[in-house]
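Asker: Heads up: the protein sequence lines correspond to chains A and B, in order. Using my numbering, the letters of the first sequence correspond one by one to residues 1 to 137. Using my numbering, the letters of the second sequence correspond one by one to residues 1 to 123.
Honestly, I wouldn't trust all of these hints.
What the hints assert, rightly or not - One-sided excerpt, in silico: chain A residues whose CB lies under 8 Å from chain B:
(1) 1
(2) 11
(3) 12
(4) 15
(5) 30
(6) 33
(7) 34
(8) 35
(9) 36
(10) 105
(11) 106
(12) 108
(13) 112
(14) 115
(15) 116
To be verified - Restricting the straight-line Cα-Cα distance to at most 25 Å, the calculated cross-link-like pairs of lysine-lysine (DSS-like) are:
(16) B:68 - B:87
(17) B:43 - B:3
(18) A:132 - B:3
(19) A:132 - B:87
(20) B:51 - B:87
(21) B:88 - A:132
(22) B:117 - B:88
(23) B:87 - B:43
(24) B:118 - B:76
Stated by the list, open to error - Facing chain A, from chain B, some residues (calculated, C-beta under 10 Å):
(25) 24
(26) 29
(27) 40
(28) 41
(29) 44
(30) 50
(31) 55
(32) 57
(33) 64
(34) 85
(35) 89
(36) 92
(37) 109
(38) 110
(39) 111
(40) 114
It should be emphasised that the hints constitute simulated quantities derived from the structure, not laboratory data. Quick reminder that beta carbons are idealized off the backbone N, C-alpha and C, glycines included.
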Amino acid sequence: MQRSFSFESRLSELGSALERIEQLLGEHVVESDLVAEIRLVAEEGMVNIVRNAYPEEEGDIEVTLSVNVTEVRIVLRDRGRPFNPLEHPAPDLGIAAGERPEGGLGVHLIRSLTDDRFYSREGDENVLVLVKRRRVL
Amino acid sequence: MLKVRLSEGPSLTKTLALEGRLDAESVGILDQELDMLLESAMKVLVFDLSKLEYVSSAGLRSLFRAQKTMRAGSGKAVVLNPTPAVKKVLDIVKAAEIDSIFTSVQELDRYLDAMQKKVSGAE
Numbered sequence: 001m002q003r004s005f006s007f008e009s010r011l012s013e014l015g016s017a018l019e020r021i022e023q024l025l026g027e028h029v030v031e032s033d034l035v036a037e038i039r040l041v042a043e044e045g046m047v048n049i050v051r052n053a054y055p056e057e058e059g060d061i062e063v064t065l066s067v068n069v070t071e072v073r074i075v076l077r078d079r080g081r082p083f084n085p086l087e088h089p090a091p092d093l094g095i096a097a098g099e100r101p102e103g104g105l106g107v108h109l110i111r112s113l114t115d116d117r118f119y120s121r122e123g124d125e126n127v128l129v130l131v132k133r134r135r136v137l
Numbered sequence: 001m002l003k004v005r006l007s008e009g010p011s012l013t014k015t016l017a018l019e020g021r022l023d024a025e026s027v028g029i030l031d032q033e034l035d036m037l038l039e040s041a042m043k044v045l046v047f048d049l050s051k052l053e054y055v056s057s058a059g060l061r062s063l064f065r066a067q068k069t070m071r072a073g074s075g076k077a078v079v080l081n082p083t084p085a086v087k088k089v090l091d092i093v094k095a096a097e098i099d100s101i102f103t104s105v106q107e108l109d110r111y112l113d114a115m116q117k118k119v120s121g122a123e
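Based on the provided sequences and hints, a complete structural model is requested.
Answerer: Here it is as structure tokens:
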């Protein structure tokens, strides 16, 4: 299964985009704990685009969701300024949570909750691919 | 969406019960509550997460901000009864200092009692 849709890069639009992803995953009987984690990494990816790829103007974010027996793959595409969220250094988890400078948390969650992740710049697009493997019985 | 319910306990302990999702869209609701709350007198701020289904980095930042503010005022922010999904996220970002996540109200009450005794013992 593969579905694509676009939405405007605004925090207020994230909710319905994420609901749509959850709904599509539900239609394909994806395990519920996986659905929650996919929603989370998708949110983190989208927030990064809103903040860093389109910091001043708005543009579209294109979501492509692929589900098969072994994995769920989400591709986020945007036409904002070149920005690779995966390059963000890991937060220093040695510092107590309340004392850490902000930033990096979202990317850390993406790294921890995906099995594979890739970034590429294709023409004028940022392309972020997030992969979660399904449980194979 | 997010629902936030505040209750006050004895000895300047306040509890914020969060219900639903704490994400980039709903974090403003918590921040509004925290802005007011963090200015009031409090020794322990309890985040009751037993009905919180989901937390993302936006929500974590608010929780950390609260923790930082409480510590600056010689208080503590603690977490009560996170759901497995939320606990997994907290563990990933190492938000848990071992004594700050409680899985039952009884456990939390024992902790608060012990803290009380320490304080009155020192006087």
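Asker: Work down the list of hints and note, for each, if the structure agrees.
Answerer: Right, here's what the structure says about each hint:
With a cut of 8 Å, the hint placing residue 1 (chain A) at the interface with chain B is violated, because the nearest CB-to-CB distance is about 24 Å. Using the Cβ-Cβ criterion of 8 Å, the hint placing residue 11 (chain A) at the interface with chain B is satisfied: the shortest such distance is roughly 5 Å. A distance limit of 8 Å between C-beta atoms decides the matter here; for residue 12 (chain A) the minimum to chain B is near 7 Å, and the interface restraint holds. Among the interface hints, the one on residue 15 (chain A) holds; its C-beta lies about 5 Å from the nearest C-beta in chain B, closer than the 8 Å criterion.
At its closest, the beta carbon of residue 30 (chain A) sits 15 Å from a beta carbon of chain B; the interface hint therefore is violated under the 8 Å criterion. Using the Cβ-Cβ criterion of 8 Å, the hint placing residue 33 (chain A) at the interface with chain B is satisfied: the shortest such distance is roughly 7 Å. Because the beta carbon of residue 34 (chain A) sits about 11 Å from the nearest beta carbon in chain B, more than 8 Å, this interface hint is broken. For residue 35 (chain A), the suggested interface contact is broken, since its CB lies about 10 Å from the closest CB of chain B, more than 8 Å.
With a least beta-carbon distance of about 5 Å to chain B, the hint placing residue 36 (chain A) at the interface is held under the 8 Å criterion. Because the beta carbon of residue 105 (chain A) sits about 4 Å from the nearest beta carbon in chain B, less than 8 Å, this interface hint is met. Given the 8 Å rule on beta carbons, the hint for residue 106 (chain A) holds: about 4 Å separates it from the nearest Cβ of chain B. Because the beta carbon of residue 108 (chain A) sits about 7 Å from the nearest beta carbon in chain B, less than 8 Å, this interface hint is met.
Against a cut-off of 8 Å between C-beta atoms, the interface hint on residue 112 (chain A) holds, since the closest Cβ of chain B lies about 5 Å away. Because the smallest distance between the Cβ of residue 115 (chain A) and any Cβ of chain B comes to about 15 Å, over 8 Å, the interface hint for this residue is violated. Look at residue 116 (chain A): its Cβ only gets to about 17 Å from chain B, farther than 8 Å, so that hint breaks. With a C-alpha separation of about 20 Å, the suggested pairing of residue 68 (chain B) with residue 87 (chain B) holds against the 25 Å cut-off.
Proximity of residue 43 (chain B) to residue 3 (chain B) is assessed by CA-CA distance (about 23 Å); at most 25 Å being required, the pair is judged to hold. For the hint pairing residue 132 (chain A) with residue 3 (chain B), the CA-to-CA distance comes to about 30 Å; that exceeds 25 Å, so the pair is violated. The straight-line distance between the Cα atoms of residue 132 (chain A) and residue 87 (chain B) is roughly 19 Å, inside the 25 Å bound, and the hint therefore holds. As the CA atoms of residue 51 (chain B) and residue 87 (chain B) are separated by approximately 12 Å, the hinted pair is consistent with the 25 Å bound.
Distance hint between residue 88 (chain B) and residue 132 (chain A) is fulfilled; the C-alpha atoms sit about 16 Å from each other, no more than 25 Å. A hinted pair counts as satisfied when its Cα atoms are at most 25 Å apart, and residue 117 (chain B) with residue 88 (chain B) does not qualify at roughly 32 Å. Proximity of residue 87 (chain B) to residue 43 (chain B) is assessed by CA-CA distance (about 24 Å); at most 25 Å being required, the pair is judged to hold. Proposed proximity of residue 118 (chain B) and residue 76 (chain B) is supported: the alpha carbons are some 14 Å apart, at most 25 Å.
Because the beta carbon of residue 24 (chain B) sits about 5 Å from the nearest beta carbon in chain A, less than 10 Å, this interface hint is met. Annotation: residue 29 (chain B) was flagged as interfacial toward chain A, and the flag is violated, the nearest CB pair being 13 Å apart, outside 10 Å. With 10 Å as the threshold, the beta carbon of residue 40 (chain B) stays out of range of chain A, its nearest partner Cβ sitting at about 19 Å, so the hint is violated. Using the Cβ-Cβ criterion of 10 Å, the hint placing residue 41 (chain B) at the interface with chain A is not satisfied: the shortest such distance is roughly 20 Å.
Using the Cβ-Cβ criterion of 10 Å, the hint placing residue 44 (chain B) at the interface with chain A is not satisfied: the shortest such distance is roughly 15 Å. A least Cβ separation of about 17 Å between residue 50 (chain B) and chain A goes past the 10 Å threshold, and the interface hint is therefore violated. Here the hint on residue 55 (chain B) is kept, as its CB sits about 8 Å from the closest CB of chain A, short of 10 Å. For the restraint placing residue 57 (chain B) at the interface with chain A, the shortest Cβ-Cβ distance is roughly 4 Å, inside the 10 Å limit, so the hint holds.
Residue-level restraint check for residue 64 (chain B) holds (minimum Cβ-Cβ distance to chain A is 5 Å; threshold 10 Å). The closest approach between the C-beta of residue 85 (chain B) and any C-beta of chain A is roughly 5 Å, which is under the 10 Å cut-off, so the hint is satisfied. Checking residue 89 (chain B) against chain A: minimum C-beta separation of about 7 Å stays under 10 Å; hint holds. Evaluation of the residue 92 (chain B) hint against chain A yields a held restraint, the C-beta minimum of about 5 Å falling below 10 Å.
Taking 10 Å as the C-beta cut-off, the interface hint given for residue 109 (chain B) is violated, the closest approach to chain A being about 24 Å. For residue 110 (chain B), the interface hint is violated, since its Cβ never comes within 10 Å of a Cβ in chain A; the closest pair sits about 23 Å apart. Checking residue 111 (chain B) against chain A by beta carbon gives a least distance of about 18 Å; that is not within 10 Å, so the hint is violated. With its C-beta approaching chain A no nearer than about 21 Å, residue 114 (chain B) sits outside the 10 Å limit, and its interface hint is violated.
Consistency note: the structure conflicts with the earlier hints numbered 1, 5, 7, 8, 14, 15, 18, 22, 26, 27, 28, 29, 30, 37, 38, 39, 40.
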